[in-house]
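*Asks:* Spelled out, the chains give:
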Amino acid sequence: MAGSSWTNQVVAKLVVGGPGGGVFIYNGTPAANNLMYSVSRTSGVDAFGNQYIQGAVSYSRQGIGVYAVQQDLNTAQIVFWTSTVAMNSTSPIWWQQAGNTGGVISVGTSGLTVNGGNNAAGRLTLSSAVSPILSVTPIAAQDPNNAGVPESWHTMTPSGSWANIAGESLEMRMMPDNMVALHGQLTIPTGVTGPANTVSVIGAAYRPPNRDEPMVAIETLSASPFTATAHLLLARSSGNLDLFGAATSGNLLRIQSQYPTDGTSN
Amino acid sequence: MGGDTKRMTSYVPCAGSPISLAATADTTGLNTGNLTNAFTVNILGTMPPVWEWYRCNITAPTATQQFAGGACSIYVDQHRPLTFTFPAPGGTEWDPSQPIQLRQGNELFFFWQLPSSTSPVPLVTLFLRYDADLAANQSFRG
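So the protein sequences, as listed, match chains Z and D.
Counted from 1, the first sequence has number 10 at position 10 by this note's numbering; the numbering is strictly sequential.
Counted from 1, the second sequence has number 101 at position 101 by this note's numbering; the numbering is strictly sequential.
Hints listed in this document are in silico derivations from the structure and should not be mistaken for laboratory results.
Treat the hints with care, since some could be wrong.
[Stated by the list, open to error] Here are the simulated SDA-like pairs of lysine to any residue, each with C-alpha atoms no more than 25 Å apart in a straight line:
#1 K13/Z with D77/D
#2 K13/Z with G90/D
#3 K13/Z with S73/D
#4 K13/Z with N137/D
#5 K13/Z with S20/D
#6 K13/Z with T42/Z
#7 K13/Z with A71/D
#8 K13/Z with G69/D
#9 K13/Z with V39/Z
#10 K13/Z with P89/D
#11 K13/Z with G91/D
#12 K13/Z with F86/D
#13 K13/Z with F84/D
#14 K13/Z with P96/D
#15 K13/Z with S97/D
Predicted model, so just to flag it, every value in this text is computed and none were measured.
The following block holds chain Z by itself, in its conformation from the complex:
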C-alpha cells in the first residue's frame, strides 16, 4: 500500500528505514510528555520536545517523571530507567539525570547479569506474591578476590602447630549475605593454655572490619566418651582466628560457624 491515500489502515507489513528514520508512538494526540514508544538508531528530540533514547524503548509517565524500558541497540542489554524530571526537560535531560538508571539486564559470555542500577539508594528486589522464590541452583556470592567469579570454599592454613584433619580441613567461604562461613576439624597442639591461641589467619577480604566477632568451637575427645568442651573462637579484625580457653593436646577442635563482615563499630 505504498503511497496509499487511505487513512487508518491495517497493514500487513510496515517498513521504516533510511538515515534518521524512526517509529514514534504517542498516547493520544502527539504532544510533549506523551511519547509512549520509540524505535530509533540514535537518541534525540522529537517534534514535540520529547527526549528519546536509542533502541526500542517504551515510556511511561510516573507523576512528572519518566519510567522507560530500553532494548539497547549497541549492547545485549535491557535497561530500566527512572527519572523525576519530565520527558521534555532539557536541564537535566531525563535520561542524563544523576542516579536515574533503575537496573540493567544483560547477556554476555559469562551468562545473564541482573544489575540493580547505579543509584546508590537502589536495590534489586526479588519478590513472590505467595510462593517462595525458587532457586534451581545455589546462589553464590562473588569471590572477594576474583570479580565475576562465583565464591567457593577456600582452605585455611593452620597456624603454629595446629593441624587439619585430612578430609576435614578448615575452610572459609563468603556467603551472599556478607557472612563468612567456617567449617573444619583440627588436631589441638600442645600449648593451648587459655589466652588467645591463633588457629589460622583470615584472608584480608574475609576479615570483620569494625569489630572482633565471637563464635563457639567445640573441643572433643577423639574417642569414647567423646566429652565436649565449648571454647570461644574469635574472628579478629586484625585477621587472627584466635581460640580461648585451655585445650588438651591431641583432642579435636570442631568448627562449624559463621560471622558477619558488615558489623558496625557502634
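Since chain Z is already given, all that's left is putting chain D on it; use the hints.
*Replies:* Here is chain D on its own, set in the frame of chain Z:
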C-alpha cells in the same frame, strides 16, 4: 502580446454527490455470503461522459456506531480491480492526489470480506465530480 490564457479547471459536482450507500448482502455472485456496496447505474444516476471519483469516506451508518473495520476490494464494473482498503476500527477516508477517472456507465463495487451478518455495516460515501471543460463533457447537461 501575451500567450495563451490559462484558467483553473472547472470541476462540477455530479448530481447527487456525495452519494452514500450502506453495504448489504451481496447479490452480484462475486462476494457471496459477504457484504457489498454496489454503486450501480441505478444508484449513481445519469453521469457525465467522463467523471472522477475524487474522495471517499467509509464509516458506520450512524454517528453513535463504530465501524469495526475489515478488508475490502474495490472493482469497476464487477471485474476490473481498482483499489483496495483495509480500514482499522473507526473507518477510513480517501483523498488521493490523483482522482480516479471513470466513464459514463461505469459502476463501482465494494466487496467486503465481512459476513453479511456483520453489524454495523460499512457506509460508503462517494464524492464525484466532472471536468466541465473536457470536450467530452461539453454536451452534458447534468
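*Asks:* Each hint needs a verdict: does it hold in this structure or not?
*Replies:* Taking the hints in turn, this is what the structure says about them:
1. K13/Z with D77/D: violated, 30 Å
2. K13/Z with G90/D: holds, 20 Å
3. K13/Z with S73/D: Judged against 25 Å, a Cα distance of about 18 Å means the pair holds.
4. K13/Z with N137/D: Distance of about 42 Å is beyond 25 Å: violated.
5. K13/Z with S20/D: Violated - the C-alpha atoms of S20/D and K13/Z are around 31 Å apart, more than 25 Å.
6. K13/Z with T42/Z: holds, 23 Å
7. K13/Z with A71/D: holds, 15 Å
8. K13/Z with G69/D: holds, 18 Å
9. K13/Z with V39/Z: With Cα atoms ~16 Å apart, K13/Z and V39/Z stay inside 25 Å; holds.
10. K13/Z with P89/D: Holds: K13/Z and P89/D sit about 18 Å apart, inside 25 Å.
11. K13/Z with G91/D: holds, 20 Å
12. K13/Z with F86/D: Answer holds: K13/Z to F86/D is near 13 Å, not above 25 Å.
13. K13/Z with F84/D: Satisfied, since the Cα-Cα distance of roughly 16 Å is no more than 25 Å.
14. K13/Z with P96/D: holds, 21 Å
15. K13/Z with S97/D: Holds. K13/Z to S97/D sits at ~23 Å (cutoff 25 Å).
Comparing the model with each numbered hint stated earlier shows that hints 1, 4 and 5 do not hold.
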